[in-house]
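Q: These two chains come separately, so use the hints to put the complex back together.
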Amino acid sequence: MPFEKIVTKRFDNVDAHNLDTYLETGGYVALRKALDMTPEEVHNEVKAASVLGRGGAGFPAGVKWGFCPPGVWPRYLVVNGDESEPGTYKDRQLLERDPHQIIEGCLLACYAVGLTQCFLYIRGEMAHAQERVAAALNDAYDAGYVGKNILGTDFSVDIVLHWGAGAYIVGEETALIESLEGNRGMPRLKPPFFPAAVGLYGQPTIVNNVETLANLPWIIDRGADAYTAMGAENSKGTRVFAVSGHVNNPGVFEVEFGTTTFRDIIEGADYAGGVRDGKKLKAFIPGGASAPWFHEEHLDLPLEKVTIDKAGSMLGSGAIVVMDEDTDMVKACHNLVRFFARESCGKCTPCREGTTWLERILSRIIAGHGRPSDMALLTEICENISPGIAWPPKQTTICPLGPSAVSPIASSIERFRNEFEDYITLSDRRVIPVGSA
Amino acid sequence: MPRLNDSNVRIAAEIIGRYPRSKSALIPLLHLAQEQDGYVADDAMQHLAELLDITPAEVLGTCSFYEMFKREPVGDYRINICHGIACHLLGADDLIHHAEEALGVRQGTVTSDGISIEGVECIAACTEAPCLQVNYRYMNKVSNQGFDALVEDIRDGSVAVPKHGMLALTRQSIPEGKAAGNAMVESNDPPAWWPEPAAVEGGN
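Keeping their order, the protein sequence lines are chains U and A. Start counting the first sequence at 115; every next residue gets the next number (our numbering). Start counting the second sequence at 57; every next residue gets the next number (our numbering).
Worth flagging that the hints you see were computed from the coordinates, not collected in a lab. Just so you know, nobody snuck in bad clues.
BS3-like, lysine-lysine: derived pairs with alpha carbons at most 27 Å apart:
(1) 234(A) / 79(A)
(2) 197(A) / 393(U)
(3) 262(U) / 234(A)
(4) 197(A) / 123(U)
If the Cβ cut is set under 10 Å, some of the chain A residues that face chain U in the computed set are:
(5) 114
(6) 117
(7) 120
(8) 121
(9) 122
(10) 144
(11) 145
(12) 178
(13) 192
(14) 193
(15) 225
(16) 229
(17) 231
(18) 236
(19) 238
(20) 249
Beta carbons: idealized from backbone N, C-alpha and C, even for Gly.
One chain only, chain A, in its complex shape (with noise of 0.2 Å):
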């Protein structure tokens, strides 16, 4: 089911509705995509290329850009190791070397089961080193018996974690009626609430 689905068109209408300029919403929709499937299918890409009125190629060249991005399966769970300075300076090539031989599989390829391991640039939790992500889920301080509970529930299916491609589980939602109105670039109004200008300014 490459393309989007029925439900899926309807939330990418209205994250489309959102931005002044269509082509804004590619990213959130590559999400929606990647959501869907857990990737980015090339079926998906033109049918966002059909929504937004661009070109596959435009889409395949913003997806093709940003890391989080797959464009091939992936497998379920993907756990990034951060190696980020204050990670390295507290044991992240240690941590990852590990994860290697627990699982048997080097840095970027996915076990049978569907679990990956990368290495990955500063997540922003420096302060908890060694820190790692199951599919952007933070899990701090991470000993070599951390992570391999962190598989073991992983295997087992204890893991409070949505599946690979699902990322935040609230979405924004603007109620009818609620909204301000995308600012059209054509309109060149003031907003309402600009006082008028006292008088005309010399010179100009």
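If we strip away everything but chain U, and leave its shape as in the complex, we get (with noise of 0.2 Å):
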């Protein structure tokens, strides 16, 4: 099967942030091409190349896109770029490196939609990315491709760029649009706030990540046949993958979606050529902090969202974390738990009290003070924010940050019990509270 790459084609291209190295390389040819379509067309075609959405569901953008309520208007488009699980680098490198192709991206978005003010929300940190789109906007305003009467038609769009502050939660799409209102970034129940029903400003909302919204030129202009062309039955195209930890070559590849399989892509010589040291391979994390740790066993798996799914992980956010014989496990753990401790909005009890004992009890093991009963208690608070603690998680919590937390201390427990026993044998027994160790 023939495979290109599609939302990295430009990186090698140092000058593809530039418009005229963009408009030399193909950029803005979809643009033109869709505006000669009727946006149902344009929809239509995203939704036949069946895009999965790269945030970390992986819902069907098309799909997405058709949730809108007819005749309810205005509708906007929130572009998510606050990229911040653990593992996770893509979106950052999209937008620096190619900003325009986002832009593209979400115009074709709003046309087919009708979408009429489009937010592109970029994580505070980010200040390098911000520059490069912000520039981008600009030239693009200058040239017409956005803002008023885009390319002499009626298809007027503005983009505002938005920055974000630093809080791993805004990634929630609810507390996106929280953020974006002003507010404190903590997620909003669905029902009813599911965002293409009522989001921005209680309007219907598309909130779409930002390598979702970088394929679609490339749809647009080649066509859904040749999307579906590459990829497995259920995962169609390319997706960016960021393999790092204890690998020789850790990097961000580009990869067809659905057929390459794990051992490719850590141990391949062009990928991240194999576990470092020559160590052996104790574990991986195969879509970001939130997801269920995979071994040996599964390396043979393909990249593919349904295998993953049924498999008892998920492929996420496209962040592969490699862990040797060496690693630490009880270690490791702590520091995701910590993560989502720290990350918690402090909406739902469960999440806010749970993480935040969770992160306590494992200090607490690593600093010598742990106790027989703690491998117990780890399990029943886990199991009071994600009931079963089974995959997918059931939650107690608004949003699933919570059971995130969850998933680093089950896989950990399940394979690696004897790390926590031989800490909690080795502890000096003193009954010290929790908190204080």
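A: Shown next, in the form of structure tokens:
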């Protein structure tokens, strides 16, 4: 099957962020083509390409677009560029290296769905990405690709660059909307707050990930058939994965979606080049900090949504983190749980209290003050956040952040219980109140 | 000068004008206040409340939620060392320990010459671990020696990073006459390019 790069195709060109270079390499061709089509035709093309959302949940973008209630105006587009899931490193590169591709993707979405204003929300810490996108937008406005009467047509839309200010939870789409309204970034309850129906300012709102939008110009330019010729049955096109941790050649790789395996991307010479220093693989995280861990026996699974879901984890945001045989799994687990404890927004009690207690108990274990009962205590707290500790997780919370903290604990205890017990057995058994360790 | 100065008030008006509802400009304006003073002063929050016609408590409520906003002076150079999982696996804890020793301060405190270090959550440079940011500018694959050299550069003024508060050096500017205009919630008009409905849908 033919495979070519879609979203990272200009990464070798250091000038790709400039409008002239973008135009010389096929930029805004898809926009011109789309403007000769009806919005419905553009929408149908994206639907036919069945491009899955690249933010984590993997919901088909074309279907999501169809959820806007008819006759309710205005509709908004909010671009989720709040990339913060540990291990994830793709959206920042797409924004920095090829910002016009994202802008063109936004325009195509707006045209197809009738979205009359676009807010491009970029994570606050990404100063360089903000600069590149601001410069690209300024050039695109000057050249008439964005704003009023785009390329002399009836199509008019403003793209507003918006900065975040440091909060992982804002990557959750309803929290993103709260934040964009100027509030604390706390998720909203669904229903009724499904953004496509009740989103920004209570209006129909499409929230799409940066990488999802980056696929659109190629799809419109080359057609859905060319797109679906790549990939597997339920995972079409290509996908970007960041492989980090204990590998010889950590990097960001665009691969054919659904056919490439974990072994290919972790061990392949053209990819991450295997576990470093000739060490053995102990475990790897297949899709960001929220995903349950995989092991040696999962290496030959293809990077394909349905297969990975069935195997008990997820591809999430395309973040593969490799841990070698020397990794202290209790510390790795604590690291991930600490992240969720720090980033809990505090709205739901099971998450706010639960992640905090999980972090404290793990700290206590690592500090040598663990108690034998701590193993059961960890599990009990996890149960209160995510009843049954199953995959996909159930939740007692509004959003999946709390249950995400359960993944590393369940994964590490299941496979590496002895490491926890070693810490506890070797502890000095003094009774130290939790939190003061 | 903790209230916004005249030039920043003009920038604030431009930013507010890009949103259908003005409170949406709050986070960008808090960044503007921090850019001016290096932190978000109480008087600046009062001023933003006036500009957005909301209460100072609402401004504080939003400001206090987000990690990047500092409500007291924090020094000119903030070194944020990533301790996310990828950096953790490749020695972030050792790097933070080294940084504390080298600067003689604990995480979260500021040296007398205005440098601070802090362990922060994943900053999206996982393949470049361990990494850090100086005032949100990246430094990749940082060794202890690399950290020492960075501190030296900061101290002798040769580091090419703006002082804390200044984020993006390029601002968006929408030229007059080229803006499509805000999509106001009250309008309820379909977009100009939207085809007329062919017929009334049955049953509705």
